[in-house]
Amino acid sequence: MKTGVIIGTIVATRKDDSMVGHKLLATQQVDLNMKPIGQVLIAVDAVGAGVGDYVLFSTGSAARNSVQKPKSSIDAAIVGIIDGKDIHFDVLDEIGGDK
Amino acid sequence: MKTGVIIGTIVATRKDDSMVGHKLLATQQVDLNMKPIGQVLIAVDAVGAGVGDYVLFSTGSAARNSVQKPKSSIDAAIVGIIDGKDIHFDVLDEIGGDK
Amino acid sequence: MKTGVIIGTIVATRKDDSMVGHKLLATQQVDLNMKPIGQVLIAVDAVGAGVGDYVLFSTGSAARNSVQKPKSSIDAAIVGIIDGKDIHFDVLDEIGGDK
Amino acid sequence: MKTGVIIGTIVATRKDDSMVGHKLLATQQVDLNMKPIGQVLIAVDAVGAGVGDYVLFSTGSAARNSVQKPKSSIDAAIVGIIDGKDIHFDVLDEIGGDK
Amino acid sequence: MKTGVIIGTIVATRKDDSMVGHKLLATQQVDLNMKPIGQVLIAVDAVGAGVGDYVLFSTGSAARNSVQKPKSSIDAAIVGIIDGKDIHFDVLDEIGGDK
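Residue numbers (the numbering used here), protein chains in the order written: chain A, 170 to 268; chain B, 170 to 268; chain C, 170 to 268; chain D, 170 to 268; chain E, 170 to 268.
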């Protein structure tokens, strides 16, 4: 899964039936320092997330599974709202020496 | 899903049977400021889109699902025509501080 | 799907059984101005393409579907021979203003 | 599969049901010289790995398979803890000449 | 599929059951001029390849199919040993003019 921030919504009146009823959330992928990386994806919501939320998202079949629509045209979904993290950036330096 | 603009069509007289009958739409991926990013994909159309439309597209199985051809050789499809967006680019700055 | 040009063939006497009987076509991905982009993929052929052809290719399950081998180890296939295109690069400028 | 180092954990109280009970491990992809490359992924754990471990991870269906949850919204998982490697960087030079 | 050179092996005593019994081959992706491109992947072997071999590899379900383990956590596999190639780099120039 990857981390992102929901920065808005998209409206597509004409869309595939399998997306009807789903909010289309513009999700900016961010690194663990909350810096934007990569592209903005449009994801459906599986956990009640909204604009401003720091989230976890999945792509491909995992996204379809999260909204129980394995045969849909959905390929990205919000699957978690992040409310904490414990990151040890120093670990990479320690490991770098003895492996 | 990702956002793009349809910039033309491709003709392939000799093509896989599963693509026969589908328009092959040259789709330039764009960011939320409509700037081209990444490659031009060739997508089939699932929602009646045409050249000049601002669209949502899916790839992989999601694309095949959108035209009800799960066993086809299609791997990209237009799944929505975008007619509105509400984007808060400032959200990233607010979030950057307190998470 | 993506566009490419077939620039040669690869020989692999020892290969997975599911690839036996398939030409292994070295395919250079190109943009719509025929400029090489990204990597050279090795694809099987599903439409009778050969060296020098301007082609459409699919990856993943779509590739396996094109040669009716869903359980094979194939992950890229030529699925169309391009013999025409109608591209409106100006569309991006028009769109850029009013969306 | 790819190699990475687990640098921390993520907490998402509200998340897809299929992820409940799984540690969410922040995994920094590294090259064979332990240099960070690419993004940090959030992976579930299938082999009892923890912060500081040098690991092997899979993505997509392979990740779901590793925790026996093929219909889940998981798309990355730790599938091995690396405790040795035998790398011949010189091989590329030897090969470069005669192929 | 993509081309690579096997540059070594990885040892992971604790790994997903579906990988037990498989050599874990560190595979450096190379272009058709044998120049390293992209990342080193860890692949299982489906054709008896070893360190120093110039190979063809597949990813995703194709990799699982090559070792008849569709429900495994494997997502990369060596599926061919390259012993010849016939590449026409000039083709791109010829094509560039008249398409």
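Source of the hints: derived by calculation from the structure; they are not laboratory data. Do not take every clue at face value.
Identical copies go unnamed one by one, so any copy, or any two together, can satisfy a pair.
[Claimed, not checked] Calculated lysine to aspartate or glutamate pairs in the DMTMM-like style (CA-CA distance at most 20 Å, straight line):
#: 1; residue 1: Lys204; residue 2: Asp259
#: 2; residue 1: Lys204; residue 2: Asp252
#: 3; residue 1: Lys204; residue 2: Glu263
#: 4; residue 1: Lys254; residue 2: Asp200
#: 5; residue 1: Lys192; residue 2: Asp262
Quick rundown of the hints versus the structure:
Taking the shortest alpha-carbon separations for Lys204 and Asp259, both the intra-copy value of 19 Å and the inter-copy value of 13 Å come in at or below 20 Å. With identical chains, the CA atoms of Lys204 and Asp252 are at most 20 Å apart within one copy only, with a shortest distance of 17 Å there and 29 Å across copies. In the homo-oligomer, the alpha carbons of Lys204 and Glu263 lie at most 20 Å apart only across protomers (12 Å), although the nearest pairing inside one protomer, at 24 Å, exceeds that limit. For a Cα distance limit of 20 Å, the shortest separation of Lys254 from Asp200 inside one copy, 12 Å, qualifies, whereas the shortest one across copies, 24 Å, does not.
Taking the shortest alpha-carbon separations for Lys192 and Asp262, neither the intra-copy value of 42 Å nor the inter-copy value of 23 Å comes in at or below 20 Å.
This entry does not satisfy hint 5, going by the numbered hints stated previously; all others are met.
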